[in-house]
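Chemist: Two independent chains are provided; combine them into the complex using the hints.
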Amino acid sequence: MSAVELVRLALSRLRRGRVRAALTMLGVIIGVASVVGLVSVGRGTTARITQQLSSLGTNLLTVSPTGGGGSTSTLTLEDATAIAALPGLAAVAPEIQTQAVVATSTSNTTTTSVVGTSADYLTVRAYEVWQGAFLSPVAVGQGLRQVVLGATVATNLGLGAEAIGSQVTIGGLPFQVIGILQPKGGAGFANPDDEVLVPLGVVRKYFVGGDGIRTVGVSVADGYDMQTARDSIAQLLRVRHGIGATATDDFQIFDQTQLLAAASTISGTLTLLLGGIASIALIVGGIGIMNIMLVSVRERTREIGIRKALGARGRDILSQFLIEALTLSLIGGLIGVLVGLVVSAIIGRIAGWGFIFDPNTIAVATVFSLAVGIVFGVWPARQAARLDPVIALRYE
Amino acid sequence: MSLLRLEHIGRTYDMGHVQVQALHDVSMSVERGEMVAILGPSGSGKTTMMSIIGCLDRPTHGRYELDGTDVGSLNDGALARIRSRTIGFVFQSYNLLPGTSAVDNVATPLLYQGVPRRERVKRATIELERLGLGHRLRHEPTELSGGEQQRVALARALVTQPALLLADEPTGNLAVHQGLEVLKLFQDLHAAGHTIVLITHNPEVGAVAQRQVHLLDGVVVDAELAA
Numbered sequence: 001m002s003a004v005e006l007v008r009l010a011l012s013r014l015r016r017g018r019v020r021a022a023l024t025m026l027g028v029i030i031g032v033a034s035v036v037g038l039v040s041v042g043r044g045t046t047a048r049i050t051q052q053l054s055s056l057g058t059n060l061l062t063v064s065p066t067g068g069g070g071s072t073s074t075l076t077l078e079d080a081t082a083i084a085a086l087p088g089l090a091a092v093a094p095e096i097q098t099q100a101v102v103a104t105s106t107s108n109t110t111t112t113s114v115v116g117t118s119a120d121y122l123t124v125r126a127y128e129v130w131q132g133a134f135l136s137p138v139a140v141g142q143g144l145r146q147v148v149l150g151a152t153v154a155t156n157l158g159l160g161a162e163a164i165g166s167q168v169t170i171g172g173l174p175f176q177v178i179g180i181l182q183p184k185g186g187a188g189f190a191n192p193d194d195e196v197l198v199p200l201g202v203v204r205k206y207f208v209g210g211d212g213i214r215t216v217g218v219s220v221a222d223g224y225d226m227q228t229a230r231d232s233i234a235q236l237l238r239v240r241h242g243i244g245a246t247a248t249d250d251f252q253i254f255d256q257t258q259l260l261a262a263a264s265t266i267s268g269t270l271t272l273l274l275g276g277i278a279s280i281a282l283i284v285g286g287i288g289i290m291n292i293m294l295v296s297v298r299e300r301t302r303e304i305g306i307r308k309a310l311g312a313r314g315r316d317i318l319s320q321f322l323i324e325a326l327t328l329s330l331i332g333g334l335i336g337v338l339v340g341l342v343v344s345a346i347i348g349r350i351a352g353w354g355f356i357f358d359p360n361t362i363a364v365a366t367v368f369s370l371a372v373g374i375v376f377g378v379w380p381a382r383q384a385a386r387l388d389p390v391i392a393l394r395y396e
Numbered sequence: 001m002s003l004l005r006l007e008h009i010g011r012t013y014d015m016g017h018v019q020v021q022a023l024h025d026v027s028m029s030v031e032r033g034e035m036v037a038i039l040g041p042s043g044s045g046k047t048t049m050m051s052i053i054g055c056l057d058r059p060t061h062g063r064y065e066l067d068g069t070d071v072g073s074l075n076d077g078a079l080a081r082i083r084s085r086t087i088g089f090v091f092q093s094y095n096l097l098p099g100t101s102a103v104d105n106v107a108t109p110l111l112y113q114g115v116p117r118r119e120r121v122k123r124a125t126i127e128l129e130r131l132g133l134g135h136r137l138r139h140e141p142t143e144l145s146g147g148e149q150q151r152v153a154l155a156r157a158l159v160t161q162p163a164l165l166l167a168d169e170p171t172g173n174l175a176v177h178q179g180l181e182v183l184k185l186f187q188d189l190h191a192a193g194h195t196i197v198l199i200t201h202n203p204e205v206g207a208v209a210q211r212q213v214h215l216l217d218g219v220v221v222d223a224e225l226a227a
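If you read the sequences in order, they're chains A and L.
Each residue of the first sequence is one higher than the last, beginning at 1 in the numbering used here.
Each residue of the second sequence is one higher than the last, beginning at 1 in the numbering used here.
If you are wondering where the hints come from, they were derived from the structure by calculation, not from laboratory data.
Be a bit skeptical, because a hint or two may be false.
To be verified - Pair by pair, the computed Cβ-Cβ distance ranges are:
| # | chain 1 | residue 1 | chain 2 | residue 2 | range |
| --- | --- | --- | --- | --- | --- |
| 1 | A | N360 | L | T69 | 26 to 32 Å |
| 2 | L | V176 | A | R298 | 43 to 49 Å |
| 3 | A | F357 | L | G146 | 57 to 63 Å |
| 4 | L | E119 | A | I350 | 53 to 59 Å |
| 5 | A | T50 | L | G77 | 55 to 61 Å |
| 6 | A | R18 | L | A78 | 48 to 54 Å |
| 7 | L | Q210 | A | R298 | 38 to 44 Å |
| 8 | L | V18 | A | A22 | 29 to 35 Å |
| 9 | A | I287 | L | H17 | 35 to 41 Å |
| 10 | L | Q210 | A | D388 | 38 to 44 Å |
To be verified - So these bits of chain A aren't anywhere near chain L, every CB distance computed over 12 Å:
| # | residue |
| --- | --- |
| 11 | S2 |
| 12 | L9 |
| 13 | S12 |
| 14 | S54 |
| 15 | D211 |
| 16 | T265 |
What the hints assert, rightly or not - One side only, chain A facing chain L, incomplete, derived with CB under 8 Å:
| # | residue |
| --- | --- |
| 17 | M1 |
| 18 | A3 |
| 19 | E5 |
| 20 | L6 |
| 21 | R16 |
| 22 | R18 |
| 23 | R20 |
| 24 | E303 |
| 25 | L310 |
| 26 | G311 |
| 27 | G314 |
| 28 | G354 |
| 29 | P389 |
| 30 | V390 |
Quantities reported herein were computed from a predicted structural model and do not represent experimental measurements.
Note that CB positions come from ideal geometry on N, CA and C, so glycine has one too.
Isolated chain L, as found in the complex (with noise of 0.2 Å):
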């Protein structure tokens, strides 16, 4: 079964006057254990998908299915319990928390779990030292490198050890030997089983995936036409 299964989705903004479609039909599915990449120019409707893939957002039409669940039925709440179960997140910005300590950052999404402090900290202690970032736990993030940054933001995904990686150009922000080396982690992670969708606009980064989705004007399109 497949991890994840979108048929038909639509996503239209209400700005008033105008009515803005984002994604018009877009049907996809990401099989457990699959890396994908989710390739589009900007204003494809790339963040958009991000969005409603990461159940940050609910489809207007169609149909989200994640882990067995239907998406566009769950309230705020239950979409809240998703994130913090299922989904771990990778931004572009890093998005970590300012001030707050490495191992902080990467102990927050176990504090929206219920876990106790001590355990909290043990297992971003643990999930940190795996990424090479044992000598920075109680950096804070304006006291790293951007790749730092960007491993201290991995480990904040996958401490919860989510069944989705969800990242949304991670070496946007990268110079191009700190991007290697994160999409690196991407590929190993992936050949441990986990199952990751990327969302980029570069082609070079999306081809370490195993498959691309091209996304056009909120459609998906085949790979020769998006070129």
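Isolated chain A (complex conformation) (with noise of 0.2 Å):
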């Protein structure tokens, strides 16, 4: 028998018994809804997170103390200065940070990250100015008390447009407020507009003390690669803090592009579990299925017996019963896939990524729709086909 005559029969079949075979599809339309649906919100947070780590710039090398920060760091603004003579980098920001309150004459006041830097932390951080200037050189040499405030905070102390050149006050000190910086969107784990900024000087003058600092922020010039830079520098760092070549690094260089890699491997798998735990669903849509089939066989001995006396062999009654949980499962499929693509285009919508569509997940819903009629329709099939013809035709 064709393949069409098959699907011919199972589709007269499925449309005598309509309510039995649209419950029995439903358990797969929700299996592959699922995986369709969790896939793309897997996928649509993967975008997110890629799109915002990006933001913070690709270009940038993160230069740090394994020992961590402080004032016990043996990263050194002389460190500093020594990396940003090296050739092929655009822009070296040392950094040095505390948590301090700010307030402003108007008594509102917010705690958050004070972070003493120079003026290349601009272009090395990846932000833009919204209002005012950024810290010019001349304020980071001189030291002045000069304030550039994160969209965040400025939004904490209900300050505007209107309040460059204000004052505010920062762990008591008079602060100058000569910027507001353009918000970048939260990362997830940490918010990158919830900081101020200061003159490195000022940190270390009136804050923190000692000779450490925090981190020192390296943008690679364009064209530079990063990995001869990263290099460049270690080996700098090295000499510098005298470590012997067999030694361990004192500080750690971490790479931007290391961290969008380790997040997408991150979501990748948040994507993978979710489809996994949504196949769950399927399995169990495929065990309704062997169900019914198994049923329908029972039922249908006596129309077994006929068709083995007609002249049908063990193989013609088991592809039929095959072909049939197939259909049952492929039409699931597609309805499911359907379904799923509807319920992520809303959640795009509402979540804000918009709508995502993969071929991949469809085709692999669809794949695995047919390997659920396959492998859950095999047994009651080969039950069908096994029946002696004599005591089927007798069967009541």
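Modeler: Structure (structure tokens):
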């Protein structure tokens, strides 16, 4: 019997038991829709994380001491100056950080990160100024008490464009607001807009003692290789810190692209996990098909006997029942894909990453639902094919 | 040459602890164009005879030749092929496929011969029209009377132009006048040259055949003994 004949037979059979067929398919529909929907949620999340991470600057290297920052840090301002002298680097910004209360003259207060840095910070961290200006090299060199507010801090303090030139206090010390940054948006784990920026020397002088700095942000110039820049910085610091050839570094250099790769690996795993959980629903749907097919074989024992008497071979009966199971699972799968696409479009709209159409997911879901049909259809079909025609004909 | 020849056929069913011997030592043959009735009360082994003659089952002893082929040595697939090509079944309870139109019921044996759909429908329609059911093509079994159902079953048995028409109590479920109609059809088919084996418990039905074979407790007996 040809496949067309078998599909025709299966469809006419399913038409006769519409309600049962629909209910059986429902299991597969739910399973496939969950796979498609959840995988697209996973992909949407991945896309968003990747996008936010790249907004942090993809040519960024972060040099930090392994022993943690603060006054005991092995990384010094002199190291940063020496790094800045290396070729192929667009900008180098040493950073030192503390927490402090920032207050306005109208007594609005917020506790935030106070980052002492240089004028290069803006380039290195890929920020843009919304209002006013960033710290100038002069202000940094002279250690002026000027401050640039992150977007979240400005909002928290109720400060807008008119605040440029006004005064705030940081840890009780007065500072002049010279600029407000454009918001970057949260990257999930840390809000890059919740900080204020002041000249490095000021933090040194009033907040954090000692010689150490927390990190040095390095922006690699366009056209220069990240890895080469990394290697030359490492080389330089090893010499400066007197680290022998076999000793371990007392600093680490972090590459933004590594973070990006790590994040996409994590969210990829998350997507896989979501898909995995959803496929449990698909397996349950498959068991539903098997159950119905087994009932069907029992109910149709006499029909099987008649068909065998009329010349059907075991193989014909096997394919008839298998194709029936496959038709159920495939139609269910296709409906499930449609439902899943609609659901993911809705979620994408709500979450704001839009509609992510991935033909791979659909192909996988379809193949999966076919596989479910085969795996859970074979056993009932074999039962049907093996029936003894004499006994089947007498079955009431 | 005989169309079918049974030589010392025996069939034993293994029921776990006991062995039930449904057929003992049955030998008979049917010539081409002959109409033979196999008669016997219930429990005489009629159904087993039908299963073996119809190639639904294999004998445990003896040799069964159908159309020159030794059926005992064949596997399930080859038996299915013989049922498909050589035998047309008519059952007591019609055994039409439920929820399937008359024409699709009649076309089903052709499906298993690999005949394309268009031709199947054409041949099934011709066969139904020949039996006076041209106006019932699209009706499902539940919408047909007993006599009509049995005529659909007959059309289904004839559509493959089988060498042997095998009928098991074809009038068993029918009212008397419908039963007579069906028997008339069998006689007409016999007159047209069909080879027919009729299995029945009813001597009046058996009487329409040219020749009667009496079965009792799994053996063939003389007519006098059976009566």
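Chemist: All the hints need checking, so say for each whether the structure fits it.
Modeler: Hints and how they fare:
Distance hint for N360 of chain A and T69 of chain L: a CB-CB separation of about 55 Å, inconsistent with the stated range 26 to 32 Å. Checked against the hint of 43 to 49 Å, the pair V176 of chain L and R298 of chain A fails, with Cβ atoms roughly 36 Å apart. At about 59 Å, the beta-carbon gap between F357 of chain A and G146 of chain L stays in the expected band of 57 to 63 Å. For E119 of chain L and I350 of chain A, the Cβ-Cβ distance of about 57 Å falls inside the hinted range of 53 to 59 Å, so the restraint holds.
At about 58 Å, the CB distance of T50 of chain A to G77 of chain L agrees with the hint of 55 to 61 Å. Look at R18 of chain A against A78 of chain L: about 39 Å separates their beta carbons, and that is not inside 48 to 54 Å. Separation of Q210 of chain L from R298 of chain A is about 42 Å and conforms to the stated range, judged on CB atoms against 38 to 44 Å. Checking the proposed 29 to 35 Å range against V18 of chain L and A22 of chain A shows it is violated: the Cβ atoms sit about 48 Å from each other.
With their beta carbons about 37 Å apart, I287 of chain A and H17 of chain L fall inside the hinted range of 35 to 41 Å. A beta carbon spacing of about 33 Å between Q210 of chain L and D388 of chain A contradicts the range 38 to 44 Å that was offered as a hint. Annotated as non-interface, S2 of chain A brings its C-beta within 12 Å of a C-beta of chain L; the closest such distance is 8 Å. Interface exclusion of L9 of chain A from chain L breaks down, the closest Cβ pair being 8 Å apart, not more than 12 Å.
At the 12 Å boundary, the C-beta of S12 of chain A falls inside the reach of chain L, the nearest C-beta of that chain being 8 Å off. With 12 Å as the threshold on Cβ separation, the claim that S54 of chain A sits away from chain L holds: the shortest Cβ distance comes to roughly 59 Å. A cut-off of 12 Å between C-beta atoms confirms that D211 of chain A is not in contact with chain L; the least separation is 91 Å. Non-interface status of T265 of chain A relative to chain L is upheld: no Cβ of that chain comes within 12 Å, the nearest being about 54 Å off.
Annotation: M1 of chain A was flagged as interfacial toward chain L, and the flag holds, the nearest CB pair being 7 Å apart, inside 8 Å. Using the Cβ-Cβ criterion of 8 Å, the hint placing A3 of chain A at the interface with chain L is not satisfied: the shortest such distance is roughly 13 Å. Hint on E5 of chain A holds. Least Cβ distance to chain L is approximately 6 Å, under the 8 Å limit. Below 8 Å, beta-carbon pairs count as interface contacts, and L6 of chain A has none with chain L, the closest being about 10 Å; its hint is therefore violated.
Annotation: interface hint on R16 of chain A holds; nearest CB of chain L at approximately 5 Å, less than 8 Å. Taking 8 Å as the C-beta contact cut-off toward chain L, the hint placing R18 of chain A at the interface is violated, the least distance being around 12 Å. Interface restraint check: R20 of chain A against chain L, minimum CB-CB distance 13 Å, threshold 8 Å, status violated. Restraint check, E303 of chain A versus chain L: the minimum CB separation of about 6 Å is within 8 Å; hint holds.
A hinted interface residue such as L310 of chain A counts as satisfied when its beta carbon comes closer than 8 Å to some beta carbon of chain L; here the least separation is about 4 Å, so the hint holds. Taken as an interface hint, G311 of chain A checks out: its beta carbon lies about 3 Å from the nearest beta carbon of chain L, inside 8 Å. Interface hint at G314 of chain A: satisfied, since its Cβ lies 6 Å from the closest Cβ of chain L, which is below the 8 Å cut-off. Look at G354 of chain A: its Cβ only gets to about 47 Å from chain L, farther than 8 Å, so that hint breaks.
A distance limit of 8 Å between C-beta atoms decides the matter here; for P389 of chain A the minimum to chain L is near 5 Å, and the interface restraint holds. For V390 of chain A, the shortest C-beta to C-beta distance to chain L is roughly 5 Å, which falls under 8 Å, so the interface hint holds.
The structure is inconsistent with the numbered hints 1, 2, 6, 8, 10, 11, 12, 13, 18, 20, 22, 23 and 28, although it conforms to all the rest.
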